[in-house]
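Chains as they are written, first to last, in the working numbering: chain P, 1 to 127; chain F, 1 to 127; chain Y, 1 to 127; chain U, 1 to 127; chain V, 1 to 127; chain A, 1 to 127.
No lab work stands behind these hints, which were simulated from the structure alone. There's no promise every hint is true.
In silico lysine-lysine, DSSO-like type, Cα no more than 30 Å apart, as pairs [stated by the list, open to error]: (1) Y:Lys18 / Y:Lys117; (2) V:Lys117 / A:Lys18; (3) P:Lys51 / U:Lys33.
Note that the structure is a prediction, hence the values are computed from the model and not measured.
6 protein chains.
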Amino acid sequence: MSEPTTNRLDAFDAYRAKMNARILDEGDHRGIKRFFNLDTAAYRDGALDGKTKELLGLVASMVLRCNDCIDYHIEQCMAEGWTEAELEDAMNVALVVGGSIVIPHLRHAVETVDLVKRREGAADDLG
Amino acid sequence: MSEPTTNRLDAFDAYRAKMNARILDEGDHRGIKRFFNLDTAAYRDGALDGKTKELLGLVASMVLRCNDCIDYHIEQCMAEGWTEAELEDAMNVALVVGGSIVIPHLRHAVETVDLVKRREGAADDLG
Amino acid sequence: MSEPTTNRLDAFDAYRAKMNARILDEGDHRGIKRFFNLDTAAYRDGALDGKTKELLGLVASMVLRCNDCIDYHIEQCMAEGWTEAELEDAMNVALVVGGSIVIPHLRHAVETVDLVKRREGAADDLG
Amino acid sequence: MSEPTTNRLDAFDAYRAKMNARILDEGDHRGIKRFFNLDTAAYRDGALDGKTKELLGLVASMVLRCNDCIDYHIEQCMAEGWTEAELEDAMNVALVVGGSIVIPHLRHAVETVDLVKRREGAADDLG
Amino acid sequence: MSEPTTNRLDAFDAYRAKMNARILDEGDHRGIKRFFNLDTAAYRDGALDGKTKELLGLVASMVLRCNDCIDYHIEQCMAEGWTEAELEDAMNVALVVGGSIVIPHLRHAVETVDLVKRREGAADDLG
Amino acid sequence: MSEPTTNRLDAFDAYRAKMNARILDEGDHRGIKRFFNLDTAAYRDGALDGKTKELLGLVASMVLRCNDCIDYHIEQCMAEGWTEAELEDAMNVALVVGGSIVIPHLRHAVETVDLVKRREGAADDLG
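If we strip away everything but chain P, and leave its shape as in the complex, we get (with noise of 0.2 Å):
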């Protein structure tokens, strides 16, 4: 049985996607739309290959502390095949480098990871 209701990474996937869509679509920044697009290309498959990538993004949002930036790359590291355990693993190097002010995202980010996965159980559900 599918979830019901919208919990919080739900809620931030749909202002995501709609604010890109402001941005990109309705806005003509032509600076701001390269920038995106620069953005997408840095975790496509290159001497290093794109799962390695997202768990690279995934610790630099960790240490500089952007929550939506954790849940955008938790989303890609788990479609990229990333373990719970490989995923705590680089938690933790994000939390010793970047100490305990970085609890509160480690919170966030272990939440989205439960999240995720209970996602991906309602998909099974319905499959």
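On the provided structure of chain P, position chains F, Y, U, V and A as indicated by the hints.
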């Protein structure tokens, strides 16, 4: 033939070793010593291998803009076998996440890669 | 017809006014009061005009990633007469300097511009 | 009479407790657990007493602009006996060091002090 | 008569040019090259003129506390015609937003303004 | 016997004094001068004594990772009578809050404590 002159990376390594000895051997703060142990442990093989974690440490250091941390993690990354092309790909993620304010640290990082290669070349000449 | 419902920008304005009164009227810390005065003075006409300084304040707020500060400076910038295209050009500088970690704040900022425009539209309808 | 409704500080305390249990009790990452222990130990009496260290933690949290960390350290500081005037004096140092970008967090901190006082008042009424 | 000795600003310019050539000419990372192009483009005339954008870049660099970025943007700002009084007014905004932690960078910035003026004076003497 | 050679701390003190004179005596920006006054006032005895506030300033400087600010506050803290053990305990709080990215600044801070002690020893020898 070995390089006779000391470059900035050799000077950093020597200063780092001297001050770590000052803090950990002469000093006796239990909390600080435990933190250093925890820091070392964070990069050991776990769910993720140590090689991957060093790359995470490098990207975290770049977006937080710490040249000493960048130097240390580049030395570790190259010892772990990451190639120059892979390091540049990781640096690109750091650059896109952290923005142009990272560029001075990218210059520093690329120079450090060159210094490590020169050091390795000198070691090969001695071999 | 005016908007009957309170949006997040109205809520921010009300909270900001309430807490500033709590700090400056009920509170009696001389240093804190002097800091608030100094902050206000920094955006008055000087060698640079106040309009330019508000744009500087906006970009500083974006690269330091403070949504409340962004909201305040967007309100001031639009009251000073900066156009939406000019604000986007300033936001682009902030995005390039600060990197993709600024993107969630860019989304917020663009939404705030839209909220101020809606507020202005409502005021026109009432005029 | 006790406050029947849950305020944002109560909600934070509950979320913090729930997620810490999720990370430390359900989770099994040794490095993360060690970090939490190290964090707790840093505020115990040592060469400096725990009361002084909590004030250091508050100022560090304010200049790094983390509202959750601010809430936690204000609760600890007030439990340790720091007066409101002393907390404001510490907040002033944080404001001057960190600049106007700290102001939204000063608003939050002052509100948290008020929430803790209200909570203490409610406890007295129940006593 | 021109200054015969190299000062720190000349040394920075030379290092910056050398390492940018190393990264962009010898290097071949497409993402990094695109980022440098995007960075350059962000300061070109648009809805805002390039002169205004350089001032935005200076303030962003000061609150993010990057001396190399400060040096670069001061050189650009002075070439664009901003006066010393105007630059100080912009620096004051950065100081108030960023706090006393910006003061060491304010010292650096004021010294850089003096170095550019001395350089310009030397050029005039040669004219 | 006094130390004949200038160390990095003496050089910092001299540069700081020279540039502060440049900014405050030669310069005439009223906002900048007021900020410097406000900064000085923040560390005077108030609800908290000046000695405690200097320790707050040190921890704030360490988590924000500013070596010049660290040097200044260590000099002030030691003049106020904080012992080396107490300073290390404060540094430990900064290290845990700010993470391993603070370690290079911890090395710097410990070296500065040693330089101040050497300076005090030299003064004693002259007494």
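How the hints compare with the structure:
1. Between the alpha carbons of Lys18 of chain Y and Lys117 of chain Y the distance comes to roughly 24 Å, so the proposed pair stays at or under 30 Å and holds.
2. Distance check on the hinted pair: Lys117 of chain V and Lys18 of chain A sit about 18 Å apart at the alpha-carbon level, within 30 Å; holds.
3. Proximity of Lys51 of chain P to Lys33 of chain U is assessed by CA-CA distance (about 27 Å); at most 30 Å being required, the pair is judged to hold.
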